[in-house]
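Number of protein chains: 2
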Amino acid sequence: MVECVPNFSEGRNVATVDSLERAIASVPGTVVLHRTSDVDHNRSVITFAGQAASVAESAFRAAAAAQQLIDLRSHSGVHPRVGALDVLPFVPLEDSTLEDCIELTHRTGERIWRELGIPVYFYEAAARRPDRCKLEDVRRGQFEELRKLAMVDESKMPDVGGPGLHPSAGAVIAGARKFLIAFNINLRTEDLDVAKEFARRIRASNGGLPAVKALGLALSSRHLVQVSMNLTDFEQTGLDTVFETVARLAAERGVEIEESELIGLLPRQAIEQAAAGFLKLGIFETQRVVENRLETLRMRRA
Amino acid sequence: MVECVPNFSEGRNVATVDSLERAIASVPGTVVLHRTSDVDHNRSVITFAGQAASVAESAFRAAAAAQQLIDLRSHSGVHPRVGALDVLPFVPLEDSTLEDCIELTHRTGERIWRELGIPVYFYEAAARRPDRCKLEDVRRGQFEELRKLAMVDESKMPDVGGPGLHPSAGAVIAGARKFLIAFNINLRTEDLDVAKEFARRIRASNGGLPAVKALGLALSSRHLVQVSMNLTDFEQTGLDTVFETVARLAAERGVEIEESELIGLLPRQAIEQAAAGFLKLGIFETQRVVENRLETLRMRRA
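First to last, the protein sequences are chains S and C. The first sequence begins at 1 in our numbering and counts up by one. The second sequence begins at 1 in our numbering and counts up by one.
This is chain S alone, in the form it adopts within the complex (with noise of 0.2 Å):
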C-alpha cells in the first residue's frame, strides 16, 4: 500500500475538486481516503491509497485532471504553490518502503512530463539534487517567479522536462516522504505579523522545534489569521508540543487560539502520543487502548 496527499491549486470551485477527486477515484483500487478544501489558501488536498500501480494511475490522471481544470495565471490564494498539481507526495503505507515510493515518483513525474507536458520538480527522499531536498527551497519565488527563472537559471530549471514551465499548469513538485502531519492553528486576530512571528519563532529552519515547518497566512474570510505546519516527524515533536508552545506564545501576546484543523489523515500513534503527552500520563503504550489491544490478540490467534 501506498498513501498519494496531491495539492491542488483550487480550493473554492466544488465542482472542480468534485472533478479531480472523480479523476482520482477513477482507477480500480484506487481509496480516496480523505479530502479537504480551504478558500483562503485556494486550496485542496486530496489523500488516497491502494497499490503502487493504481497509486501511479490516479496520480497521473490527477495531474491531467489539473492541468484541464486550473489555470495558475489567474489563481490566487496565501499559500505558495507553483502547479496547478502543486505537491504531488508519496507516502509507503504498512509493507512498502520510501525506496518504493522513490521509484513510483520518478515514473510518474517522468510520464506527466511525457503525456502531459508539465515539467516536474522532484524533492526529499526522491529529489535528485541536494539543494531540492526541502519542499520550501523547491518552491521559491512560485509560480510568477519560477516560470520566468526555470528558462535561464539552471538551478532552478526542472528536474524533468523545461526549461520554463508549463504556461497555465505550472510545475508538479512530486517527491516520497515519511508520513507528515498538516496541522494549522487559527489566532483570534487579523494581524498577519503574529501569525508569521509565532510560525518563526517555532519552525526548526529557526531554531525552534524540531521538525516543524511552519507558515504564517491570513485568512481573511474567517478574520482569523493561521500558523500553518507541518509536522514531519511526530516523534520529534508531537502535536501536543506544538499547540503548547502555539499557546504560550499566544498567552504572552494576550492573543487566543479560534480552533485548529488537521489537514488529510495522521497516524494514529500521532493521536495517542498527543493525548498523552496532554495529559501527563508519560509514554503511552498503545495497547492501553481496549480495540488496539484486542486486535493484537486476534492477529496473534490467525
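Rather than coming from a laboratory, the hints here were simulated on the basis of the structure. Take every hint as true, because none was put in to throw you off.
With a Cα cut of at most 30 Å, we get these calculated DSS-like pairs of lysine-lysine: (1) C/178 <-> C/196; (2) S/148 <-> S/196; (3) S/196 <-> S/134; (4) S/196 <-> C/280; (5) S/178 <-> S/280; (6) C/196 <-> S/280; (7) C/148 <-> C/134; (8) S/196 <-> S/178; (9) S/134 <-> S/148; (10) C/134 <-> C/196; (11) C/178 <-> C/280; (12) S/134 <-> S/178; (13) S/280 <-> C/280; (14) C/280 <-> S/178; (15) S/280 <-> C/178.
Sample of chain C residues with no beta-carbon within 12 Å of chain S, all distances over it, derived: (16) 22; (17) 76; (18) 78; (19) 110; (20) 130; (21) 137; (22) 148; (23) 160; (24) 192; (25) 200; (26) 218.
The beta-carbon is built from N, C-alpha and C at its ideal position, and this holds for glycine as well.
Knowing the structure of chain S, use the given hints to seat chain C on it.
Just chain C now, with coordinates in the frame of chain S:
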C-alpha cells in the same frame, strides 16, 4: 466478548498478585489484557476478557484465589474496600450487551456465595435494590464498619449470603456497567486537604463535572496526593475536560500536577476525543486516523 475488571485488596506483594493473575488466566479462552498495582492504595486491578462462560469461570477463580491469599483483617490502604476480591464489574465489549453482563453478574455472585461462602452485593446495572446502584453507597463504612452493620441492619445486608460478611474475605461487590475510565491525577504536594477539595469540587454528586466520581487520597510513598477518579461516561465528560479542570484548580492553588495515571484500559474514542479536545480540533472523526480508515475499508471489502 465480555470484559471483567476485578479490583483486589493487595497492591504490595507481587507474588500474591501474580497468583491472582494466574488463577484468572488458567481458564481457556480468557485473556488478561492489563494489570496494575498501587502501593499506597494497596490494591490491584486486573483487566481480562473472553466469551461469557470463560469470563465467569475466571471471575469465580479470582474470588477463590483472593479468599486464599488476602486477609482483610490485616489489610491497610488509602482506597476504600470491603473485600479481598473487592469489586467485580462485568462490561459488555463488541457483540455483548449490558443485559448479558447483568445475568453473568448474578450467576457468578450466586456461585461465589454458594461455593466459597463469601456474601455478595450487586451494584450499578446489576443492583437489586435502588439504593445499591452506586458503588460508593454500597461500600460506605468499608470492611470494618460493614461487617458489623451487615449482621444487624437489614439495609446493609448482602444481596446474596449473609447476614454479616466473610471474616477474612469480606464481601464481593459485583456489578454490570458500561466501560469506565479510571484516571488519577497526582499533585506535587503532601497536603491531603488539597486533593480532597479538588475531588469535592469536580465530582458529579456535588454538582461538579457530569459522570465524574472523585476521591482525594494520600500517596505517602511518593510524597504526593492524588485526585482519584472514575469517568463513567467519557462522552459526557472526557479526559481533557477533567484534566483541564484540575489543572485550573491547581494553578489557582499554586500546586503543580506531577503526572497522571490511567488504570487499566480505555476505549479508542476516549483517547481520540481527549486529544481533539486539547487541540481544539472540534468534533473528531475517528476516520481521520489512517489505521482506522484502512481498517474500515478492509471490513467493507470482507
